[in-house]
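Novice: Let's have the full structure, built from the sequences with the hints guiding it.
Residue numbers (the working numbering), protein chains in the order written: chain E, 2 to 274; chain B, 51 to 658.
Please note that a few of the clues may not be correct.
Claimed, not checked - Subject to a maximum C-alpha distance of 30 Å in a straight line, what follows is the list of computed BS3-like cross-link-like pairs (lysine-lysine): (1) K324(B) <-> K619(B); (2) K411(B) <-> K217(E); (3) K324(B) <-> K620(B); (4) K411(B) <-> K206(E); (5) K217(E) <-> K164(E); (6) K194(E) <-> K164(E); (7) K624(B) <-> K641(B); (8) K411(B) <-> K75(E); (9) K620(B) <-> K641(B).
Keep in mind the hints are simulated off the structure, nothing from the lab.
This one's a predicted model, so the numbers in the text were calculated from it and none came from an experiment.
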Amino acid sequence: MADAHLRVFRGSPTTESRFEEFDVPAEEGMVVLDALHWIQTNEAPDLAVRWNCKAAKCGSCSAEVNGRPSLTCKTRLSDFEEGETIQVEPMRAFPLVRDLVTDVSWNYEVNRAIPPFQPPADQPQETWRWQQEDIERVQEFRKCIECFLCQDVCHVLRNHETKQPFMGPRFLVRSAGLEMHPIDQADRLEHLKDEGGIALCNITKCCTEVCPEHIKITDNAIIPLKERVADRYYDPIQIFWRRLRGGDRAKAPAAAPAADAAVGPSPTDGSPS
Amino acid sequence: MIDRLERHPHDVLVIGAGGAGLRAAMEAADAGANVGLVCKSLLGKAHTVMAEGGVAAALRNVDDRDSWQTHFRDTMVGGKLLNNPRMAQLHAMEAPDRVRELEAWGAVFDRTRDGRILQRPFGGHSHPRLAHVGDRTGLEMIRTLQDRVVAAGIAVYMECTITHLINGRDQVRGALGYWRQSGEPVVFPAKATVLATGGVGRAFQITSNSWEYSGDGQALAYLAGAELIDMEFVQFHPTGMVWPPGVRGLLVTEAVRGEGGILRNKDGDRFMWKYLPDDRRDEYAASDAEAATWVEALSAGRTTDARRPPELSTRDNVARAIYTEVREGRGSPHGGVFLDISYLPADHVRRKLPSMYEQFKELADVDITAGPMEVGPTTHYIMGGIRVDPETGATTRAGLFAAGEVSGGMHGANRLGGNSLSDLLVFGQRTGAGAADYAKTHDDEPWLDPAAIQAALGELSAPFQPDDRGEGESPYRLHEELQAVMQSRVGIFRTADDLDEAIKSLDALRRRWPNVRVSGGRAYNPSWNLAFDVRNMIVVSEAIARSARQREESRGAHSRIDFPEPDDKKWGTKNSVVRLGVDGLEVGTSKLPKLPDELRGLLAKEAH
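Specialist: Quick look at the structure:
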């Protein structure tokens, strides 16, 4: 096979950034991450790349390959035309650490603020019976490998279009997995509306397109959650009935999560402590 | 310098955030300890995430003939009776509670028709026993545990590599390492330290393991004076991908065979019939027809009296069979054999094995619902490890604990599939409790020896020294050379000559290691990071090779061409032991823990 031509971003916040070019001997079945490893071993030993499993199961090696948010372990060199330059850049939605590595810690802060799973206190586990077809939707959300490609591609996060907080598609998926769990009792709608900023998503479905696990993020997670939030907070008839009944909550209130997480309006505003 | 060092003191420090580390951290926190959890990668990326097939526990949801006693017996038989019997007993007894606990914490396992946790068959297990989520069970487990740890507010230090344990005069006092993002050193004083760092697959060329698997915990424990046992027992998983070259070694889950996958050589022979051990033959189907009946019943969710297919023999046996078929010229075009599940309905295969379907389609252009896969053995797991107390996870060094793959004893000479995920839950829980308890009773403030810290800091800086004489070694090259030695001379079949050569080569690599030089800065510099991974891999590889040289018999995953049979009299009751002596690595043996009469009875009664 002909050599693959890679153009790789190098640099850090304290050094000048640049692209470096490498010709990498290609073997059948090789992926972009293999090419980056070849570069480390032979040309640029200190090239920073985050990776773990090289099997598309851990979601560590996310980058932008020719502009498209991708897992480099799953992007084959044969996906490109012969002679085409393969440009590899770090995810743009997060602060740069060095070369292809970004600081994704903001995601962990957002995650920490989501009210956790809460099983019912009055239903002993021995009695839990869930049908497979009833849990398949939740299992779809739980396939997420946290590669954060959906966060990277999401224009709300990427372009900082707003100063309001927005948790991003990954954490809408996580919230959906909890909300649709067959026995979960917690209530996350207020969190989704306020800290989660669910209304900011205008369902362009870019997240669904880049998901390596093929989770239908927009259709199956975000839209149903938007409907639940709208029903509670914006449907005048519902609001009237709730007032009449004297309650405001469909479910029992959640245990308050640790409120120390700074859910900033954008992941690149600086790394949270 | 030492005064300005970043410090994070904890009662219990857990190193490694895979299943064992997360479970240990959770338990220690529940016991009231102030816990710190350190991991080399981002949280949730540890190797547990790659576990596919399931977690073994005698829940009796699919077949109520199962029991902890049968699980114990299967584990001991699979381990060729070299297991620590108390560990195998605790594991079998406690695994069901640990699995149910995950469900109570939010895990969503696949279900039976009556809505309970579904269990699937696996090699060496007498009954369908593995709770699972398709073929991504590890992801479900790690996410559930991770969410729990985060909700509990446990301090997590991500992308932080521990390079040194701080050894006090009589006990381990914590650990020192560096932040990967900045390269700055950091120290974690601790009353109790738990190692949960997993295995050492990256010492081999062909492996299913991620880059993190560099034997850190085994090496740190050994250097701190703790004992390692049974290090020669390295599991070669029978089915890794063999083509294309970029994915060679990538795991093909045993669940493919658990769901009915058939192994054939290039002549179309179902060769596993030939390799069933005589003393276990009656546990397996007698014909293709009986095996097919078993698969049909399984797919339909019925129990059956038909016995399981020959492909569900133990991993050591299937790996040797495949290796032998290939060596004798009956392999597939790319040096493996064929594994076929395409005779089952396509949507059934896609539902039961979604990530295998995806993996082959995306990485090899193979549709597993339409034709066979090519597979061959890949380094997968190490049964040996740090010697631990079954009840508490305490190592032979005070203040130091270990759980999960990094520890030894539980699996004997060969691990059954599915017993690793249950191992890390059962012993993660016990070790977290043991460490918290130790921290409570050793209430003095850890004192860190400044000389030890200074030496560790010096070692961290050494690779940046100028390479005046041009003798600097590239960590990448050392790693490649190490992998070549281990792959070619310490693999599935071993001989005294090969092992002697390997030991010589490893000795040379160890002497060259201090000359490792790297360029660039400390911030996220993979060559500098690799230097310390390679140090650990060299130490652990030497322990593997020397133990393998010593054990002159074949047992479980350790196959000596020059000693092809088990030698029960001489070796059947001995653990191999490795420790740091005055002149370096010492290898010896110790007597296997006694098998109590009531457990011996279980083996005698049910053994055929």
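Novice: Straight-line Cα separation of K620(B) and K641(B) no greater than 30 Å?
Specialist: holds, 11 Å
Novice: Has the given pair, K324(B) with K620(B), been kept, meaning a C-alpha gap of at most 30 Å?
Specialist: At roughly 29 Å apart (the allowed maximum being 30 Å), K620(B) and K324(B) satisfy the hint.
Novice: Mind checking the alpha carbons of K217(E) and K164(E) for me, to see if they're no more than 30 Å apart?
Specialist: holds, 27 Å
Novice: Verify the proposed pairing of K324(B) with K619(B), using a straight-line Cα cut of 30 Å.
Specialist: Answer holds: K324(B) to K619(B) is near 28 Å, not above 30 Å.
Novice: Holds or violated: K624(B) with K641(B), Cα cutoff 30 Å?
Specialist: holds, 5 Å
Novice: Within 30 Å, alpha carbon to alpha carbon, are K411(B) and K75(E)?
Specialist: holds, 11 Å
Novice: Holds or violated: are the alpha carbons of K411(B) and K217(E) at most 30 Å from each other?
Specialist: Between K411(B) and K217(E) the Cα gap is close to 20 Å, so the pair holds against 30 Å.
Novice: K194(E) and K164(E): Cα distance at most 30 Å?
Specialist: OK: K194(E) and K164(E) at ~15 Å, within 30 Å.
Novice: Starting from K411(B), check that the Cα of K206(E) is at most 30 Å away, please.
Specialist: holds, 24 Å
This entry satisfies every hint, going by the numbered hints stated previously.
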